[in-house]
Structures are given as structure tokens and as C-alpha cells.
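Engineer: Line order of the protein sequences matches chains A and B.
Numbering-wise, the first sequence is residues 1 to 154 according to my numbering.
Numbering-wise, the second sequence is residues 1 to 218 according to my numbering.
Derived from the structure by calculation, the hints contain no laboratory data.
Nothing false has been slipped in among the hints.
SDA-like mimics (lysine to any residue), calculated; alpha carbons at most 25 angstroms apart, straight line:
#	chain 1	residue 1	chain 2	residue 2
1	B	Lys175	B	Val105
2	A	Lys103	B	Gly72
3	A	Lys103	B	Pro182
4	A	Lys60	B	Tyr131
5	B	Lys141	A	Asp81
6	B	Lys141	A	Asp101
7	A	Lys103	B	Ala139
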Amino acid sequence: MKYVKIIFLTFIVLTFLSCEVDDICTESLGSPKLIIRFYDNAQPNITKEVSHLYVWAEDKDSLYRDVATDSIALPLNTHSDTTTYLLSSNAVIDTLYLFYDRKEVYVSRSCGLKFNFELTDATHLSSYWSDDFSTVSTPQSIEDESAAHIKIYH
Amino acid sequence: MFVSVIYAQEQHTKMDSIAYKQAYGLRIGVDISRPIIQSLQKQDLGLEITADYRVADSWYIAGEVGYESEPGSEDYMQFYTKGSYAKLGFNYNAYENWQGMSNEVYFGLRYGFSSFTQELTDFTILDPDHYFGDYTADATKTYEGLTAHWIGLHFGLKVEIVSHVYLTAGIQFKKIISEQKPQGFANLYVPGFQKVLLNNAGVGFNYTISYLIPFIKK
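The following block holds chain A by itself, in its conformation from the complex:
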């Protein structure tokens, strides 16, 4: 009987001491970004760096400041179905309008959910420094960041 009582008490203590085996969110958090690559106007298959590039969303701070690069990754606004980005190169500003659908995707218990996007339309105001512009396909699904979703020729 004593032996039974001891084990009984151990069980009760174990209940309060038991710690949870839980998963920790290790996957890259958040939704995929829009990848833009810049190509050479004259040789459309070759990427070309943009110099003195500044990028920011309307009413937001700059994401890129005075960089020279041939590719940028832009987060899409998860609060809305549209995001407007301003791209400035050598002090000439181009406006990029993005329209998309947000699709909830379950990731895991610890990470929760994220959005994947379906880019339904992308237009730019005028060709100040970027001559031509194309989405890889329309609608363009944005589920990962491994390849360009939009190509800009300049």
C-alpha cells in the first residue's frame, strides 16, 4: 500500500512538472516577397544592374537606398490587395502598381499561417528609366522567392 501511495504521489507531481515537447518556428517566417529582376534593353536575356536605386512603398521608408543591383525583393502589403512601389534610379522616379489576391496557407502550429499571392495585374505609370516591363506570366503566382516574378528592362 505504501508503494502504491508513493507512485500515486509521483504521478501528481509529474503532472505539474511535465514540460511540453513543442515545435519552434524555424521556417522562414512570413509571406513570400515579390522578386524583380532588371534586364538589359539591348540584350533581353542578360541581367543589367540599376545604379543609384532607391525603392520604397507609398508613404513608407526606403527599402533600398542608393544601391546598384540587378534584383530586388519587395514585400507585398498583407493588409490590402494592392501595393504601390516607387523605384528611383538616378533621381528619376517610376511608379509600380501591383494588384493581387491573398491566399492563406497553413504553415505549422508554431509558425501559424502565411499568405501566398496571385499577382493579377502589374502596371507602371510611365517609362522614365525603365523602358519595358513584363510579368513572367499573368496571373503570376507568388509562392516562393526562387525566381523572378517581374522583369524590368532598361
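Please arrange chain B on chain A, whose structure you already have, making use of the hints.
Structural biologist: Relative to the frame of chain A, chain B by itself:
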């Protein structure tokens, strides 16, 4: 104290004179941890009824039925699980009782089944760059017609506190073997199985009080 001494003496004389008869019968119990938590949190969390029937000296057919209504919370989502469940299997009593005593250290195996509904009440989509800010949606999404089947290993103790009344403390190790998953979500909690951990595993504790209805004495 005085009473118990007399009681012990009485039992002693009984044992001396004749072979002690062991009660066989149906033991019905109820989970006691949930009513306590329920009264503290002032919400309905569920109910579990347990039953076992002694078929041989150390062997019992055992089962549990119940329902659960459980709110769940994770870092980036809140959800709610509702449903009922049943578990059926057996217990083996590994404890050698002294004559006249009826305690148990048991090992059991169960097959469990649950039918339930999950609700995702709100979730937050993180903005790791802190550029547009985290997005929180509170649109309730309901996932109905979910099921899960699992196998459970139960260990525990049963102590006869007064004649025919038993207190049980047990631990359960479980693994889901098949499930109907919600589209675009996951079975984070299953009634009867409780929290679904990594690799579809689960651990649970139970405390029950039960009463033995003796049918026969052997």
C-alpha cells in the same frame, strides 16, 4: 482511528477463517480534473466517463467515452475544438495485492476514435521585415467533419480509498494512426487525444474517481 483498528481486526479474522473473495464487476468512473478546471475557468470543457469490467484475475476490458470543448492558443493563432470520442481496450493489473486489498498498477492498450469540429477564430500573419506591419484577421473559419483514430498506451494506479470506490491517476502515450485533416489547416487538438504534438504524438494525464458495482465474488 479507533474505527479503522476495529475494521482491520474484523478483516483479519475474516481472512483467517475463509479465503477472501474478490469482487468482479463493472466499475464506472468520471474524470475529476475537468470539473475542477471548469469551475475555476467558468467554462464548459467537457466530460469523460470511464468504465472497466474484470474478465480474469488481472485482466480488464476498459474504455472511456466523452466530449470536449477546448479553446486553443498558439503564438500566431487562436482556435477552438469541439467533439466527442470513445476509447476501447484492456488493462492488465501488474500489482500483486495482499489478500483483501484491491489496488492496481495497470498497463493498458486502447484504440481511440474522435469526431470533431475545429474553428480557427483568429490568426496573425507576421511581417518579419516590419515594413507593412503584422496582419491580424479575426474571420472565423469552421472545419467540420474531422475524424482521428489513434492507439494509446495507458499506465496508472488505482487505489481503493473506501470500499468499492477507487481513485485513479494515469498517464497516456498516444499516436494518431489516421486522420481526416481540414483543408488548409491542421488537427491541432483532438478530443480525447488532446494536444497533437510533433509526429502526431500525444501525452495525457487523467484523474478519475470510480465505483465498482460488484456482480460476483470469486
